[in-house]
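Enquirer: Line order of the protein sequences matches chains A and D. All the letters of the first sequence, read from the start, carry residue numbers 544 to 822 under the working numbering. All the letters of the second sequence, read from the start, carry residue numbers 797 to 1103 under the working numbering.
Taking beta-carbon pairs under 8 Å as the criterion, some of the chain A residues facing chain D (in silico):
1) 546
2) 550
3) 554
4) 557
5) 558
6) 641
7) 642
8) 644
9) 648
10) 650
11) 651
12) 652
13) 819
14) 820
Capping the alpha-carbon separation at 25 Å, the derived lysine-lysine pairs in DSS-like fashion look like this:
15) 818(A) to 813(D)
16) 876(D) to 546(A)
17) 876(D) to 979(D)
18) 894(D) to 558(A)
19) 816(D) to 818(A)
20) 558(A) to 928(D)
21) 981(D) to 801(D)
22) 883(D) to 818(A)
23) 901(D) to 546(A)
24) 901(D) to 558(A)
25) 818(A) to 1007(D)
Derived list of chain D stretches under chain A, where covered just means 3 residues or more per stretch with a C-beta under 8 Å from a C-beta of chain A:
26) 844 to 857
27) 878 to 888
28) 896 to 907
If you are wondering where the hints come from, they were derived from the structure by calculation, not from laboratory data. C-beta atoms are modelled at their ideal positions from N, C-alpha and C, and glycine is treated no differently.
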Amino acid sequence: MIKLINIELYKIFKKWRTYIGFIAIAILIPMIEFAISFEGTRSLNFVTREIQQTFIFVGNLLNTYFVSYLILNSLAIHIPFLITLVAGDLLAGEATAGTYRILITRPISRFEIVTSKFIAGMIYTFLLILWLAVISLGLGYFLFGTGELIVLKSGSIIVLAKNDIFWRFLLAYGFALLSMGVVASLAFLFSSLVENAIGPIITTMAIIIIFLIISAINIDIFQSIKPYLFTSYMNTWSSFFDNPIDTTEIIKSVSILAAHIIVFFGFTLFIFRQKDILT
Amino acid sequence: MEQNKIIEIKNLSKQFKDVKAVDDLNLNVYKGDVFGFLGPNGAGKSTTIRMLLSLISPDNGEIKIFDKSLKENRIEILSKIGAIVEKPDFYGYLSAYKNLEILGKISGREISSKKIMEVLELVSLEKRYKSKVKTFSHGMKQRLGIAQALIHDPELIILDEPTTGLDPQGMKEIRDLIIYLSKEKNKTIFLSSHILYEVELVANRMIIINKGSAKVEGRVEDLLNANKLRVAVEVDNSEKVKMLLSTTRWNENLETVANNKMIFNLPQNEVAELNKYLVENGILVNALIPTRSLEDYFLTITQKASG
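Could you put together the complete structure from these sequences and hints?
Expert: Here's what the structure looks like:
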């Protein structure tokens, strides 16, 4: 299996599309951070405008944690798109290229093929999130340094001490990895159904956008179905910046997202094992 | 003693929606055979090959390869098979060498760099081993297809239309390679082809299928001799030949005569005999041109089958 995973990773990283995500993050995050740096405290004032009359802020509040928190908050759509570019191509790409035939006629089981591709896709997702974390926190550190983190939540303001933040970011990025794992496994499932990678990419993104819109619109019927949409749990990463942390909420979200990954992978495996290879 | 069966197909069937692609097919391939698998387009050849390689599942029937059920021993069986299925497709963004290295790694055997280069040399691609496959012509991809089928030194080689799209020289090279693999390397070869002349040249046994079921199966030689060959014999003096043959058994085999070109219908093994008789009687034979190929035989069979 390790041999197969290595081969799949080699194939992934030999494709140009794989680097689109890394390049996009390497361009986008510095752009945002340099822009915030250029704006100076104006961006911080904008975020805290509603509470400035009540509180007096002292210290280096425009720091790498504040900037990375803002970035993580605003990439709910963009990162999934970068994930689907690769995950949607994992099986469908073989069908498009006609290479299913040379792969499946080798002495390896279909379970091994699907599992090795899935794990390779998850490793790619992990590396992309790691890249996001390194660029976001690393560049932010050089531009802004560290300091306390102000988190504004509906009706409350949370100030986290400098030495109480980094571990929260590690867990938040870990949670983001789980969320993106759901996106990757959904794109992977669609990838097993079709013979062109465009379909899984568009379908996965359409589902995410529709679910996010349903979640955002405050209509009773939409709110009643919100608990059944996996996108409703993808923002739970921000719970790691609560004080105290609501572990029940986090465990619930982690369980639901993990269950989605297992179900999507299970369906993919079932479909692929039954599939007649006609390409 | 019965020969070793390498492939045994019993009552194999596969249906796609309303189309019965393979219908109760039975065939046997024995060790050392170059087995020709013939049929018109849509006869069910590729579907059968895909079932042999577990790319698709049969609806009914049984496939045994190396005397073991394919369904229950898929991985063990596939480790001893090399195959080309329809057009040769590879990872275009990787080199020929890297493609073979990857496919070798998942073939259940340790494949050395030396072995990869040897196989590339066998198909005359050793000088392009570093080139990305997307830069290859169709013929080069076809040759690389053969290389990937041979990389793990399989006992059985399944070739589905291996000369499609090749020029005459390329087709001859593939035929020579098939003969070499059969004679020198003792491989069993299952060759599907619509180029019937090709099968005639390389196969020792064959089957003809149409609408998914077998029409005839047997030794190529026996099947061909069972039908007469149509040969044009070009001589210096056809009138003299007519007189010479008037009292021989070949007189009734003579079909037409025009401009010193005489058309005979006779068993294949009598062509040389007729030629010898003419030469020994002072007739100058300029050419012996078979005008009936396996194709005629094939058409007779398939037309008969379709009523």
